[in-house]
Amino acid sequence: MKKGLITGVIGILMVGLSFFALAGEVKNPDTFVEATIGTIDSLDPAWAYDTASGEAIQTICETLIFWKGERTDSFVPLLATQVPSVENGLISPDGLTYTFPIRKGVKFHNGEPLTPEDVEYSIERAMVQDRDGGPVWMLYEPLLGISGSRDAEGNIVIKFEDIDKAVEVKGDSVVFHLKKPYPPFLSILANTWASVVNKKFVVENGGWPGTKDTWKEYNNPAPGKETLHKIACGTGPFKLERWDPGVEIVFVRNDDYWREPAKLKRVIIKIVDEWTTRKLMFLAGDADTIYVPRQYIKELEGVEGIRVYKDLPSLSQGSAFFNFKINPEGNPYIGSGKLDGKGIPPDFFSDKDVRLGFAYSFDYETYLKDAWMGEAIQPTGPIIKGLPFYNPEQEVYYYDPKKAEEHFKKAWGGELWKKGFKLTILYNSGNVQRQTAASIFRDNIEALNPKFRIEIRPVEWADYVRDIVTGKLTLFIIGWLADYPDPHNFVYPYMHSEGTFSKWQSYRNPIVDGLIKRGIEEVNPTIRKRYYDQLQMIYYIDVPGVGLHQPLGRHYERDWVKGWYYNPILPNAGLGGYFYSLSKG
Amino acid sequence: MRELLKVQNLKTNFYTYEGIVRALDGIDLDVKEGKTLGIVGETGCGKSVTALSILRLILPPGKIESGKVLFWYKGELSVDLLSKDEVFLRRVRGNEISMIFQEASSALNPVYSVGEQISESFLLHQKRELYKAIIEEIEKNMREDNFFLKNFVYRFHKRIYKKMLENSKSLRIRFISLLPLINRYKVWLKKEVSRRVVDILTKLGVPDPQRIMERYPHELSGGMQQRIVIAIALACNPRLLIADEPTSNLDVTIQAQILDLIRRLKENLGLSILFITHDLGVVAELCDYVAVMYAGNICELAEVRKIFKNPSHPYTKALMNSVPTLEEKKLESIRGNVPNLISPPEGCRFHPRCDYATEICARVKPDMVEVEDNHWVSCHNFLRG
Amino acid sequence: MKSYIIRRVLLVIPVLFGVSIIIFAILSLFSPEQRAATFITDVRQLRDIQGVIRKHHLDAPIYMQYFSWIKEVLKGNLGWSKTASRPVLEAFFYFLPNTVELSLFSAPFIILIGIYLGSTAAVHQDKSVDHITRAIAIIGWSLPTFWFGLLLLMIFYGYFKGLFPPESLGLNSSLYVNSKDFMRFTRINTIDALLNREWWIFVDALRHLVLPVITLTVVQCALVMRIMRSSMLEVLGRGYVITARAKGADEKTVIKKHVRRNAMIPVITVSGYLFAGLMNGVVITETIFNRKGLGWWWWRAAVQLDIPAILGAVLFNGVLFVLTNLVIDLLYAYIDPRIRLG
Amino acid sequence: MKVSITNRKRSEFKEELLPRIKEIKFSFNRFKKSPLSLMGLTLIIFFLGIAIFAPQLAPPKYPHNPYRIPRDGYSAIPRPPSPEHPFGTTEGQYDIYYGVIWGTRTAFRVGLTVVGSILVIGIILGSISGYYGGVVDEVIMRIVDTFMSLPTLVLAMALVSALGRSLDNVMKALIIVGWPSYARLVRGDILSVREEDYVEAARAVGCSNLRIIFRHVLPNAIYPLLIMASLDIGAMVLTAAALSFLGLGAPVGYADWGQMTSFARNWIVGPPDNPLAYWYTITIPGLFILFFVLGWNLLGDAFRDILDPRLRRR
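Residue numbers (the working numbering), protein chains in the order written: chain L, 1 to 585; chain G, 1 to 385; chain R, 1 to 342; chain F, 1 to 314.
Mixed in with the good hints, there may be bad ones.
[As the list claims (entries may be wrong)] Among the chain R residues that face chain G by a calculated CB cut under 10 Å, a handful are: (1) P87; (2) V241; (3) D250; (4) L331; (5) I335.
[What the hints assert, rightly or not] Away from chain R, derived, C-beta distances all over 10 Å, residues of chain G: (6) L55; (7) L82; (8) R91; (9) N95; (10) S98; (11) F101; (12) S106; (13) A107; (14) E120; (15) S121.
By construction, these hints were calculated from the structure, which means they are not laboratory data. By construction, the Cβ of each residue, glycine as well, lies at the ideal position given by its N, Cα and C atoms.
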């Protein structure tokens, strides 16, 4: 009896499924499916700082102004009727007040009309919330001249009046008052953290009512407790239908959109971790665009029915940073801690010849060819291609073992060449590119002198961050992604003594600090260019770090997808891009 | 007096790693109707193997090489059980010949109640009698109360049992037995079978059989468990009972009760028994005839009184002397130890340990010789008088 | 019988307490910065890592954190899982149906096939059937699950062009399932589809279940088969089997009625481990076939060091395992009267 | 004089050993009879040979760290088998041949150390709790229950992500997770053996508890343990491989089969026109794992049928 049961059940299964033959060229023509790996952190524009959340928010909400097509240095008006500039008088000559006339007849997803009060409320609400590790420092720096609403110990240092005065409604436009001139302010307002939300919707859902007395309670909420975490009401071309965190997010077309409604009826962003599964879904037509890790590019070569965009310059770069003052206490990566062949002294990299030795012993071509499949370029310094004031003629370092040996022999008065050294380079496990870079340093330097010893160890991302922050790493390889397309967003973290990376390197150069301050406060572009050229030259001479790669992205889509364009500053630009412009069929 | 069972030249071997164990080297014995034949011998002389071979219950690596087991089956004498097919054997086991074992506790299935295990014997063999009895029962009930609805149900049940009588394997019946309400007809069967179980248990002198039926084996005492095993065996009142040392591991008082029970069954039911034991006392008390076995052969076969009066085979004599008796006499032990059956000694297998062994014993295997009426010996120079 | 159950239930409490101690021992291995780093998703957020540490009060002494954690746990708040972007408890109940569906479909196959193969192998010991079934089972047992899963996916999804796709539902059916006019009762696709009498969704859900169920069954049923075989062999040697044969019962009924029921007892006790094995298998299967269940969530949490989720995972598994052991003990008592009547 | 003593001793010694030799001879014969166990034994001997002669088969490029697989370039596309890379290379140009050979050593190391330490811990705790019983037994058993209620993979994942990703941590995690089932098995056997008469007799003669445990009780409880251990060696290697697949096992570039299969996870399905283009990245390490674990499982099965006293003489 039992034998019959089992074969019976399997039989039914097979019969039931076999008739399901697969046919049809374009699957579900009015739904766009994107399969990627990053999970969305939150749908609250004031909270989200990661690219996955940015892509979702950008589909639902809109900002006052937006990037003009593929360019990162010019804008089109969106919820504002004009793009402010000194010429059309909407930016005051001293660059401190910006006026945005607000468009009329625009409706939110809940039917409410767009009013200037909504715009003012959206920006003030972001500054009131200002969560730890959030993006809102970019509004605080230009509007209040400080980096956040709280000091290092976490108590609030500003008064509500400062926020209230910074943004005002005047008639049917909104005026911003800056503390000091801040040329990249327009590009900050074009990003998702300046999206406009509907005040009534947020207040109804328990958000900050906009008044002075309760604002402190809404400051720095715990994760998941921010009001707009899972709900969204914007003016964008798509409405939020459903969000299953970790699984998928589904947008549906907003039919009474103030511009001509989107061509797609539905957009789905799915999380598919396993590359093989993702690829098979792409080939089977179940996904229209997928995230393709660099090392698997070859697997999709020569496949018909797929369109590939290559060499898309991204506004990010990866560099190797030398730690001038390594924190010796309990630090396994510097070995004996002395120049005795079994370790390195904490100030090992303060000697410029050591840094130059390292700079000349890195084989940039092989790195770009092997680790990046030739799809990355060598950055000339902190300011990379695609940013204004990028200096293409800036000298760069190249692979020259003889020069490297020359510098190593001079380093530490010749002691280093005689005694040798041993140090450890870390990389966050799973990042194949950083692992390859560390191996190239090791193989080329160990080849110069048998007494030179470099060990490479992978660690979890959390350990990697911890050791960088506590200054324990000898040399660390890390990248930086542009918040807004302006050299200040790169020069500050790379060179300023208070900048993110330079602080960890303990690299301090007063001239540099002065130049950066003047650079951000100068409105006239020609004068700003001179400052930034000087900064790029100093970076080359001081060599606090070496630029390794500026990745050139790729975009993969099925050939029935139409209307995709690439703007490097958009979140997840290489994937969905701007869904409003897409269509299928 | 007819011979109920006649075993001729039975040979059984076991193919183990060490080699072929010739457990039974040609056994000849017979059980007369209504009489009890005792088989006596040291452990490992092949007593249990004989019992299992008769019912063809030898499992691999054992194999019954040759010989005949003639059983008096319904009038015509010579039915050789060994040559019959499995279906015939199954009809005989438990119905005509049944068996009880030494380890009562391990002979009962721990997960079924005692009542269920006994009723299984009835259900296996007496299905037709049960259905007939039930049909009569239903008719009796129909006559008593002719309330309309009950009547209809009774008639329906009666039809089912009639159908089952003709063809017990019919699919329709098996299907009906699955339907929840309709298979209420089984109640009759359960009632009838439990009545028979109670009947057999009372016959065996088990107190309060109704309660005992629900109990599980591990809840009963050793003696009671043995009574249950006997009940299972005698459920379909077989004509021959094979008892394989039923009382060996019970303590003396319980042992006496069981032996007394078996004796009463012998007298009341006219049961013929093949009683296997290593205890000469039990043989003297219960058996009519005795066969002494040694290393796979029968060395002496006779009436009980004769064998005790003048044991003529040296091994039997030695066995007698090694039993403690009231007078203080030195106990003799037999020198050497039981032979290894893989390469048994030539000729008579007892000769290495026999005081009277002569040259011929080591060469030729002695045949059975009739010393006196109903007294056989297999020995070249058996002891006279 | 009742006292037996109460004693078993009371035993659960110390075990759960032990589980929470182990969880916190793991937690203490992490340093505050490490735990804080897990709340950072983008390198640009490295700016104020101290703020993040303070926010989640990660630098308090361990025992202090333990009590605050236990207080929270008892209140049902198990912390926020970053990988699932929702509270841990809510995430558990969100991902549970998918895993239940997978185990619901593979458990019967595992047990049925395991028992069937085990008993046939035992009954025909050392004959060809025995060797073949044992070889198949052992190969199944030694096969790395992930390797086998990926191979299945390649053949049935890549090569046969989507015959048995991954994920838990096709695109159209998942859209319909999440739409308003589909009643969600148990959130288990197959069962909900039946309740809503949507046959095409039911078939689609089945189609997505075939590969994961095969992957899970092949490995797990080897364990059941081996245990069943050795226990059957042992029971075949017992006294009551010979009694049954002596009663005149035919071989089939002897095996079915007497032998198999006794041989089931060790299988039941071992099915506790089977549950643990199933949970391990589920982690890998859900990762490969992209079925968003508990297994996938725990893997992602472990890789991305989502501490609250990891602790939650260990706690939930502890509770689930203890409950299954309780159920198994009761089942054990039901089958074996010697236990039930003490 | 000296000679005679040894002679006497040797014959007496031989006399005393005879039954044991007979038993071993019997086991070996039963072992020879079933083909599966023979296959298992040959597989294990084959792997043992590879492990022992690893330095000769694949000379290490970095003497101070032989377990680091040498790389020939950095490109992420695996290259097919070629003269200098007999088994081809993986993603990131790790030589598969070298990795698989030294991977055998890692597999033995993981298998034997983990199962070895589990056996030791299990026996010690199991026998203490089984023999002494009472409160001690209750406490140890509750600890065992606690550990038993944690699924191996999830706990191992939590531990490895806490301790950091290295092979030693994987082994530590597996040990922490694995010992309870052994302790419970030993305790169960000891409870049943403790009731036996010969233990009572030993106690009556005045042996110390420890002597009883190790001299009388354990030798009888050892068989099921041996069987479980041999099966577990395979299972441990599989779990380690699964951990590497999930990204939590041995570090990248370490000569470990699991790590190499996880390298190959994305190359199982080659480009559509030639799906089996990168067959070698997945099949070779996969087959090594399969046959290694298969060998131990067959051996374990054979042990069960031979060593288990009840089934031995069937």
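Hint check results:
Interface restraint check for P87/R: the shortest CB-CB distance to chain G comes to about 47 Å, outside 10 Å, so the restraint is violated. The beta carbon of V241/R comes within 8 Å of a beta carbon in chain G, closer than 10 Å, and the hint placing it at the interface holds. Interface restraint check for D250/R: the shortest CB-CB distance to chain G comes to about 6 Å, inside 10 Å, so the restraint holds. The closest approach between the C-beta of L331/R and any C-beta of chain G is roughly 13 Å, which is over the 10 Å cut-off, so the hint fails.
Residue-level restraint check for I335/R holds (minimum Cβ-Cβ distance to chain G is 7 Å; threshold 10 Å). Distance check on L55/G: its Cβ comes as close as 6 Å (rounded) to a Cβ of chain R, failing to clear the 10 Å threshold; non-interface status is violated. The non-interface label for L82/G is consistent with chain R: the shortest C-beta to C-beta separation is roughly 16 Å, beyond 10 Å. Not every CB of chain R is more than 10 Å from the CB of R91/G (nearest about 7 Å), against its label as outside the interface.
For N95/G, the condition that its CB be more than 10 Å from all CB atoms of chain R is violated, with the nearest at approximately 6 Å. Not every C-beta of chain R lies more than 10 Å from that of S98/G, the closest at about 6 Å, which undercuts listing it as non-interface. Listed as a non-interface residue, F101/G fails to keep its Cβ farther than 10 Å from every Cβ of chain R; the least gap is roughly 6 Å. With 10 Å as the threshold on Cβ separation, the claim that S106/G sits away from chain R is violated: the shortest Cβ distance comes to roughly 3 Å.
Not every Cβ of chain R is farther than 10 Å from the Cβ of A107/G; the closest lies at roughly 4 Å, contradicting the non-interface assignment. At roughly 6 Å from the closest C-beta of chain R, the C-beta of E120/G falls inside 10 Å, breaking its exclusion from the interface. For S121/G, the shortest C-beta to C-beta distance to chain R comes to about 5 Å, within the 10 Å cut-off, and the non-interface label is violated.
Hint violations for this structure: numbers 1, 4, 6, 8, 9, 10, 11, 12, 13, 14 and 15, all remaining hints satisfied.
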